[in-house]
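**Q** Residue strings, one per chain:
2 protein chains.
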Amino acid sequence: MGSLKLPTSAFASIPIRSFFHRHQHRRLCLSLKPSASTQSTPKTSTPSPKEKNVINTNNDQKSKPEGTITPRSQDFNAWYLDVIRHAELADYGPVRGTMVIRPYAYAIWEAIQDYLNVKFKETGHSNMYFPQLIPYSFIEKEASHVEGFSPELAVVTIGGGKELEEKLVVRPTSETIVNHMFTQWIDSYRDLPLMVNQWVNVTRWEMRTKPFLRTLEFLWQEGHTAHATPEEAEKEALQMIDVYVKFAYEQAAVPVIVGRKSKVETFAGATRTYTIEAMMGDRKALQAGTSHNLGQNFSIAFGTKFTDESGQKQHVWQTSWAISTRFVGGIIMTHGDDAGLMLPPKLAPIQVVIVPIWKKSEEKVNVLEAAVSVEKVLKTSGIKVKLDDSEQRTPGWKFNFWEMKGVPIRIEIGPRDVSSGTLVVSRRDVPGKQGKVFGISMERSTLESYVKDKLDEIQSSLLEKAEAFRDSNIVDVNSYDELKVAISQGKWARGPWSASETEELKVKEETGATIRCFPFEQPQGTKTCLMTGKPADEVAIFAKSY
Amino acid sequence: MGSLKLPTSAFASIPIRSFFHRHQHRRLCLSLKPSASTQSTPKTSTPSPKEKNVINTNNDQKSKPEGTITPRSQDFNAWYLDVIRHAELADYGPVRGTMVIRPYAYAIWEAIQDYLNVKFKETGHSNMYFPQLIPYSFIEKEASHVEGFSPELAVVTIGGGKELEEKLVVRPTSETIVNHMFTQWIDSYRDLPLMVNQWVNVTRWEMRTKPFLRTLEFLWQEGHTAHATPEEAEKEALQMIDVYVKFAYEQAAVPVIVGRKSKVETFAGATRTYTIEAMMGDRKALQAGTSHNLGQNFSIAFGTKFTDESGQKQHVWQTSWAISTRFVGGIIMTHGDDAGLMLPPKLAPIQVVIVPIWKKSEEKVNVLEAAVSVEKVLKTSGIKVKLDDSEQRTPGWKFNFWEMKGVPIRIEIGPRDVSSGTLVVSRRDVPGKQGKVFGISMERSTLESYVKDKLDEIQSSLLEKAEAFRDSNIVDVNSYDELKVAISQGKWARGPWSASETEELKVKEETGATIRCFPFEQPQGTKTCLMTGKPADEVAIFAKSY
Chain L
1 MGSLKLPTSA FASIPIRSFF HRHQHRRLCL SLKPSASTQS TPKTSTPSPK EKNVINTNND
61 QKSKPEGTIT PRSQDFNAWY LDVIRHAELA DYGPVRGTMV IRPYAYAIWE AIQDYLNVKF
121 KETGHSNMYF PQLIPYSFIE KEASHVEGFS PELAVVTIGG GKELEEKLVV RPTSETIVNH
181 MFTQWIDSYR DLPLMVNQWV NVTRWEMRTK PFLRTLEFLW QEGHTAHATP EEAEKEALQM
241 IDVYVKFAYE QAAVPVIVGR KSKVETFAGA TRTYTIEAMM GDRKALQAGT SHNLGQNFSI
301 AFGTKFTDES GQKQHVWQTS WAISTRFVGG IIMTHGDDAG LMLPPKLAPI QVVIVPIWKK
361 SEEKVNVLEA AVSVEKVLKT SGIKVKLDDS EQRTPGWKFN FWEMKGVPIR IEIGPRDVSS
421 GTLVVSRRDV PGKQGKVFGI SMERSTLESY VKDKLDEIQS SLLEKAEAFR DSNIVDVNSY
481 DELKVAISQG KWARGPWSAS ETEELKVKEE TGATIRCFPF EQPQGTKTCL MTGKPADEVA
541 IFAKSY
Chain E
1 MGSLKLPTSA FASIPIRSFF HRHQHRRLCL SLKPSASTQS TPKTSTPSPK EKNVINTNND
61 QKSKPEGTIT PRSQDFNAWY LDVIRHAELA DYGPVRGTMV IRPYAYAIWE AIQDYLNVKF
121 KETGHSNMYF PQLIPYSFIE KEASHVEGFS PELAVVTIGG GKELEEKLVV RPTSETIVNH
181 MFTQWIDSYR DLPLMVNQWV NVTRWEMRTK PFLRTLEFLW QEGHTAHATP EEAEKEALQM
241 IDVYVKFAYE QAAVPVIVGR KSKVETFAGA TRTYTIEAMM GDRKALQAGT SHNLGQNFSI
301 AFGTKFTDES GQKQHVWQTS WAISTRFVGG IIMTHGDDAG LMLPPKLAPI QVVIVPIWKK
361 SEEKVNVLEA AVSVEKVLKT SGIKVKLDDS EQRTPGWKFN FWEMKGVPIR IEIGPRDVSS
421 GTLVVSRRDV PGKQGKVFGI SMERSTLESY VKDKLDEIQS SLLEKAEAFR DSNIVDVNSY
481 DELKVAISQG KWARGPWSAS ETEELKVKEE TGATIRCFPF EQPQGTKTCL MTGKPADEVA
541 IFAKSY
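Protein chains in written order, with the UniProt record's numbering: chain L, 1 to 546; chain E, 1 to 546.
With the rest of the complex left out, here is chain L (with noise of 0.2 Å):
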């Protein structure tokens, strides 16, 4: 990088969309019309202002009304794509591999956040925010780091219109500020342990870019502690890692894997790092989260000391961890089907969706009102709730758009329902007429418990599937040729694993596989390596991944 070369192609301005597009020739036919339970007149009028506001939904489903998402089963890939783009997730940005993260995906991120912000100051830690200008001689600055993050990196080597003396870095992770800024701050013992956070973008110059999965850049929280002691840091790692598996489980409904990361497959810069390791629905692996002990390694390569209390200078004991955007891919693919989103009730941006349902404009009135109500209710309850009253679209195009976006619970009232005070409540997970139960009340009460105790079953619901569709696909071996079996059917194959790194190396070459973690829970009894016969202590997970 120091000779100054003419213009490669890093950069290329590629047509919007066209990604997507390569992919639509393979679409089906599952078109977004009405269906044929329901109807209402379509008229074109104006939207009301809070369906426009509230998602920004308007743009593809008018200018594509037949939008139609590839069947999940018959390409994963373009079904992907296919869902982000008619959900309105996401597109992409004007540089190659950038995304813009579009409203209803960023309030995915947004609950995301907020749930473990809270996690996060309960145990200790503080948000700030150190700056995404990095001098380049600081990633230089620990050996294994700058091999791993070199490659990636954007530089800025311009400023106020002058050429830098110093080339800066756009901040791909901070391990190298913060250890600078630590230095300055730790003296004694007493400053220990310090615990922070930052929520930030992070540039990569990824050259296969994947919206959410793999952008060149991403949003991210990435946590930093400094500790007096390598059991404190150890703990540290492990507790951040443990919220994460909470989190998967417990909002995402995401049934990831814990475990500690093979050598190779450890962090640039760590000493140890633990992993939760997802199956999308291709039964493909991703990293969802990772927590690094970082040992001494940043401490030593930058001086960030302290005094113990016996006087002694040491060097401190330090961890990072990390959830990214990539989460929302990892949601996407982990719950979607074949008719789009589907989005676990407690990181849903829309829990409910109500559709009224009118066939004269005489009943429109108390349909309308009705619902209006209900909405007010299912509000101050704490639900987060749309009601769909546009008038451009009918109630079976809207049921379709709803189920498509993710929407957890639809309601329909009718001028019938409205008659007899009750509702009607469809669950997005139970397709068809299984998940719809009839003549739920509308009186407050009852309606509030009953959806809120829907709400629940149905964010159980998605996490047993997963697991289920997890534990389906994850199968045991005992020797090589077992393991290679299991990846051609695209399982995950576990088996015990005491070989060497180029074993591990020479598994990925001939399979596409990784050891995705040595899992926390193991099972009894004495292993025998699957690949070299010799007494292993652990299995390992291998899977092809993301």
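Worth flagging that the hints you see were computed from the coordinates, not collected in a lab.
Hints may contain errors.
All copies of an identical chain are treated as equivalent in the list; a pair is satisfied when it fits inside any one copy or across any two copies.
[Claimed, not checked] Within a straight-line C-alpha distance of at most 25 Å, the following computed SDA-like cross-link-like pairs (lysine to any residue) qualify:
| id | residue 1 | residue 2 |
| --- | --- | --- |
| 1 | Lys376 | Glu391 |
| 2 | Lys313 | Ser390 |
| 3 | Lys484 | Ser390 |
| 4 | Lys436 | Ile300 |
| 5 | Lys433 | Gly148 |
| 6 | Lys263 | Lys484 |
| 7 | Lys346 | Asn117 |
| 8 | Lys376 | Gly124 |
| 9 | Lys508 | Val146 |
| 10 | Lys376 | Asn127 |
| 11 | Lys384 | Leu116 |
Quick caveat, the model's predicted, so the values are computed rather than measured.
On the provided structure of chain L, position chain E as indicated by the hints.
**A** For chain E alone, coordinates are given in the frame of chain L:
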């Protein structure tokens, strides 16, 4: 920037805190030593983990127990930097002009975010995220925008180890990339209004920086909206400046003056800029928030069109509006005094600090028990409370420390208070014994309502004090001579203005003052321009500014 020059000094690795240190010799000795009225035996024991984690206070206070703050009246700038250092609000980053926002200041920013996020959503906006890397060509599309921003850009020229074909700008503001995306999302009048906001970092290559007020990178929210008519855009621009006004008055207790910018001072690319201007403690003006009516400037540059109700293609009408971490600097400079920071209760990370006081160890148990119970009562009432039970420092030291950190209320509990079931409440904004009330009952409901009332009183009192200060420092002027006198006295000058831009620039050159705004609140009656003697429609406010 086309030709490649040898490196210049735009990046210089300045030793940390050198800027602060430069000012240290000017300090008076306002040392943080125990006050005479209270003592306890200082012990060197480990502080409670809680104390350390909430705000990571314990560095400077330990390494520099003699920490002093320059009196505000003596040197406002040195005072400001001292407060930022001693209250642990920020530090410089390793790259010139960048800033690390430390937990205590970041918590103020979070309180600002919490309030504004609710208001933005109530007014129909959704949060989302646009990438920070913008093709250089985008910046050039809107003529006055490129003129305004090109001297301040940080430019990425290398990505993934290769020279880029097109240079990328690190977002200085996002109008260009927003319009690039809006163009794809907006098709018909039904897609309007489109109203979004993002909370992000922005980078501007400022040459003269000052913590919070002007830094190379800062945090802000930027709202962006598109409308079908100029009237709607104007209404939105006014609505958002009004949100800022209410925030400033009601949350920050900063009595801003709201008005319209002169053409010279209008945002690069806007048709009209509305501003809130705050008077700092040194009577300089701080532009604390702006809302721009962008007209069709960006929509024409980026071809952002919609089909109106009559089927005609039209360019959209737009706004953008922003408040940044600069506001934190504004709060410091509005309310602080010689003792340090003074925070408005509604934005204070800690609203109440409890300092337990004991002499004999047999008193300790009861005092601490009472303190913990008071902490619990206040916490349950939703008050942000901190119990400073560390044994390293004397109560007197703690009094000074928490005063310096600007905590609105201090509660003292000693052995005699415990026996009488009462406590002592001290107000940060009323110094000495005048602000101290003895014998407040510890009984839950009495205590809760007393503290809440006091917090409200302090909030109002800070605003009143700042308003009185502001009003006593704005002078009505009717001639250029009067204006010059007012400015030379460090005041704001308000006078009728209808002169030319040349004359406006002449005022700046000769007095250092600029038109801060044409305030919305205008005096009645005919007006004669202070410069030209010709009729004037409005008065303008002139002041020196940050």
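**Q** Check Lys436 against Ile300 for me: Cα-Cα at most 25 Å, and say if that holds within a copy, between copies, both or neither.
**A** Cα proximity of Lys436 and Ile300: none, with 62 Å in one copy and 49 Å across.
**Q** Is the C-alpha distance from Lys376 to Glu391 at most 25 Å within one copy, between copies, in both cases, or in neither?
**A** For Lys376 and Glu391, the Cα distance is within 25 Å only inside one copy (20 Å; across copies 52 Å).
**Q** Can you tell me if Lys263 and Lys484 fall within 25 Å by alpha carbon in one copy, between copies, both or neither?
**A** The answer is within: 22 Å in one copy meets 25 Å, while 71 Å across copies does not.
**Q** Please sort Lys346 with Asn117 into within, between, both or neither, judging by C-alpha distance up to 25 Å.
**A** For Lys346 and Asn117, both the intra-copy (15 Å) and inter-copy (20 Å) Cα distances are at most 25 Å.
**Q** How would you label the pair Lys376, Gly124 (within, between, both, or neither) given a Cα cut-off of 25 Å?
**A** Between copies only: 18 Å across, 37 Å inside.
**Q** State whether the alpha carbon distance between Lys433 and Gly148 is at most 25 Å within one copy, between copies, both, or neither.
**A** neither (52 Å within a copy, 60 Å between copies)
**Q** My question is about Lys384 and Leu116: at a cut-off of 25 Å on alpha-carbon distance, are they close within one copy, between copies, both, or neither?
**A** both (19 Å within a copy, 20 Å between copies)
**Q** First find the shortest C-alpha distance between Lys313 and Ser390 inside one copy, then the shortest across copies, and answer within, between, both or neither for a cut-off of 25 Å.
**A** between (68 Å within a copy, 24 Å between copies)
**Q** Go through the copies and call it for Lys508 and Val146: within, between, both or neither, with a Cα cutoff of 25 Å.
**A** Within one copy only: 24 Å inside a chain, 49 Å across chains, cut-off 25 Å.
**Q** For the identical chains here, do Lys484 and Ser390 meet the 25 Å Cα criterion within one copy, between copies, both, or neither?
**A** Neither: 54 Å inside a copy, 60 Å across copies.
**Q** Can you tell me if Lys376 and Asn127 fall within 25 Å by alpha carbon in one copy, between copies, both or neither?
**A** between (35 Å within a copy, 23 Å between copies)
Hints 3, 4, 5 from the earlier list are contradicted by this structure; the remaining hints agree with it.
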